[in-house]
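Asker: Sequence:
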Amino acid sequence: MPSLSLPPTITISTRSLLLFPAAATAAAVLLLLRRRRSSGYGVAARLCEPCEPAEGEAVTAGGKRPLPEALTPSSSPGVRLTPRRALLGGGSPREIGLSKDVDATTKRENTIDWHDYFMSVAMLSAFRSKDPNKQVGACIVDPKRQRIVGIGYNGFPWGCSDDDLPWARTGTSKLETKHLYVCHAEMNAIFNKNCSSLEGCRIYTTLFPCNECTKMIVQSRLLDVVYLSDEKHDELSTVASRRMLKLAGIPFWEHKPASPRIVIDFESELAR
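Using the working numbering, read the sequence shown as starting at 1 and increasing by one per residue.
These aren't lab readings, by the way, just hints derived from the structure by calculation. Hints are supplied without guarantee of correctness; some may be wrong.
[Stated by the list, open to error] Cross-link-like lysine to aspartate or glutamate pairs, in silico, EDC-like; alpha carbons within 16 angstroms at most:
hint, residue 1, residue 2
1, K130, D162
2, K215, E231
3, K178, D163
Start from the sequences and build out the full structure, keeping to the hints where you can.
Answerer: This is the structure:
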């Protein structure tokens, strides 16, 4: 069996969507993501607490819902972020990566927070997508325990070859486009759940969910939606999604990355 060749250095930012090969996802998750035990995200911070919603959008059946500090919108009203722009804009100038300080006597502070952690998992999942035009990832989390319970990315249904169905956005007919066949990331994350119920769980997605995925989010009784990009904000499917989420009392937050760049360096890690 031929050995798997991985690139020596990978930078996890939205810009790296063009650079990260799909085969590296599983290894990257193991190297990138470590639990944050430092201050700022203790047990009390794991659940949403009452405060004002983002830009007046997030509303529940009982009124306005909280906006955790780490989920503050990362842009001014009216500015829509694409996945490549979102992680590179806003947040602190620090770059997150692994370290090896042999003289250290205290804990490492340069770690990623929980929200960047889970959104990074969603983004890494997107690298598995075969869609040549749009790669989307989703990660579902139990916020009470900060445990991942579902991961997904956009692709064709199980058992359907990636080579036998069309990937084109336009064609001679709708049957010859991808839209009638692709399962979205949120749908796959829900179907891939490793627990009996997703009620009260949070979904992180690199793109605001469409109306069909939103139906599944609502029916699964998810707690809230954290999205990175809202580039399809004005499309009817997204407008319908926001309408359903508001009526169902499910808040949705635009994620503001605390770390603009998260680095995976295979070469340096192997040289330790």
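Asker: Now tell me, hint by hint, if it's right for this structure.
Answerer: Here's how the hints hold up against the structure:
no.: 1; hint: K130 - D162; in the structure: 8 angstroms, holds
no.: 2; hint: K215 - E231; in the structure: 20 angstroms, violated
no.: 3; hint: K178 - D163; in the structure: 12 angstroms, holds
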